[in-house]
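Chains G and U are the protein sequences, given in the same order. For the first sequence, UniProt numbering begins at 1 and goes up steadily by one. For the second sequence, UniProt numbering begins at 1 and goes up steadily by one.
Careful, some of the hints might be misleading.
It does not matter which identical chain is used: a pair holds within one copy or between any two.
Stated by the list, open to error - Only pairs whose alpha carbons sit at most 25 Å apart, straight line, appear in this in silico DSS-like list of lysine-lysine:
hint, residue 1, residue 2
1, 6, 123
2, 123, 35
3, 141, 6
4, 11, 113
5, 35, 64
6, 100, 34
7, 11, 64
8, 88, 11
9, 53, 35
10, 88, 123
11, 30, 53
By construction, these hints were calculated from the structure, which means they are not laboratory data. As the structure is a computational prediction, the values presented were derived from the model and not from experiment.
There are 2 protein chains.
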Amino acid sequence: MSEIFKAHLDKFIPVTDEEFASIMNYFEIKSFAKKEDLLEEGQICRSNYFVIKGLLRKFFINEKGTEQTTDFALETWWMTDNFSFERKTPADFSIQTVEKSEVLTISSESQEKLLNDFPIMEKYFRIVYQRAFAANQRRVKYIFTYSKEDFYFSLIKQYPDFVQRVPQYLIASFLGFTPEYLSEIRKRIVS
Amino acid sequence: MSEIFKAHLDKFIPVTDEEFASIMNYFEIKSFAKKEDLLEEGQICRSNYFVIKGLLRKFFINEKGTEQTTDFALETWWMTDNFSFERKTPADFSIQTVEKSEVLTISSESQEKLLNDFPIMEKYFRIVYQRAFAANQRRVKYIFTYSKEDFYFSLIKQYPDFVQRVPQYLIASFLGFTPEYLSEIRKRIVS
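With the hints as constraints, model all of the structure from the sequences given.
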């Protein structure tokens with residue numbers, strides 16, 4: 001499974017096979033069942049997760065007591081509770097598998113050690129966080145700009161495979177809809 | 001002015017005075033008047049800005065034709081349109097000074113060259129983007145969680161100096177209020 005991570009790294013930084021074998025020692029490969037909890041809101045987040053196969057989501061329980069999904073992580077995406085992972089503070093978010101998943105995990109101590117021992121990984125993570133931040137900035141603009149309905153339409157248009165892959169109740173949880181309301185909108189699109 | 005940047009870097013990475021003198025060659029120091037445009041939505045963003053003194057804001061024009069402010073950058077904070085800066089695509093945001101400001105600017109070409117010539121700066125920018133991303137993730141949670149009123153109250157509580165420093169019409173533009181509505185809320189707090 002680790003060749004997926006190697007092919008991914010190759011897009012960002014030069015890493016020999018020998019270096020990669022050493023880099024992999026900082027990670028563990030774990031398998032999770034569908035709907036398995038990786039982190040619960042309020043816990044200390046001990047791991048950063050890299051998805052090799054499957055799908056994760058990040059969510060919190062809103063004031064109505066329902067799950068508000070804020071992010072998904074597909075293959076070759078990272079996911080963690082960033083503040084909690086760095087500062088050992090209680091997590092703002094929960095993380096759960098959406099599908100059966102194969103994941104690389106690394107603890108914050110191992111990640112710090114990896115960055116010290118292989119400074120080229122600083123470049124890799126710099127690019128990863130730079131792009132994640134850029135995407136999040138655009139996300140904030142979208143939240144202010146689009147109505148929930150328009151956001152759903154743009155999701156279908158930009159990421160049709162993703163909308164097909166994710167259960168509808170989670171798309172609803174991501175958009176802040178009830179599943180019933182999403183179902184109504186879908187009927188309207190078909191008719 | 002550059003000693004402010006040196007003191008800031010010292011918090012993240014070891015840099016000798018000689019190295020710092022070389023690093024400064026990649027930057028320009030610029031002065032901007034109050035309310036001066038550094039970037040307009042739709043332009044290509046050519047610079048990353050580090051605030052030495054003063055205050056910047058990032059905004060876009062929403063569908064009602066009013067300015068929605070999404071971010072502020074105080075002293076020792078970075079600001080750019082991240083996608084546009086990296087990919088040379090039209091900017092999603094405008095950037096403007098709120099106060100007369102002293103700013104370090106670096107072009108994307110110079111920043112790439114700086115990172116190649118001084119790999120220790122990869123670590124610095126990795127930490128900067130990592131924290132910016134973490135803050136933005138929490139921001140998304142706040143947007144979903146707080147009403148605009150509650151968000152204003154938490155701003156006053158967490159950042160009283162900041163709320164004092166920024167003109168009220170810009171606080172309103174950040175919160176998505178009209179200035180009149182913000183003024184009403186403020187009266188309600190006083191009474």
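Against the structure, the hints come out as follows:
1. 6 <-> 123: Both: 15 Å inside a chain and 21 Å across chains, each within 25 Å.
2. 123 <-> 35: neither (33 Å within a copy, 35 Å between copies)
3. 141 <-> 6: neither (34 Å within a copy, 33 Å between copies)
4. 11 <-> 113: For residue 11 and residue 113, the Cα distance is within 25 Å both inside one copy (22 Å) and across copies (19 Å).
5. 35 <-> 64: within (22 Å within a copy, 41 Å between copies)
6. 100 <-> 34: within (4 Å within a copy, 54 Å between copies)
7. 11 <-> 64: For residue 11 and residue 64, the Cα distance exceeds 25 Å both inside one copy (43 Å) and across copies (41 Å).
8. 88 <-> 11: Cα proximity of residue 88 and residue 11: across copies only (20 Å, versus 31 Å in one copy).
9. 53 <-> 35: So residue 53 and residue 35 pass the 25 Å test inside one copy only (14 Å; across, 49 Å).
10. 88 <-> 123: Both, since 24 Å and 20 Å are each at most 25 Å.
11. 30 <-> 53: within (11 Å within a copy, 48 Å between copies)
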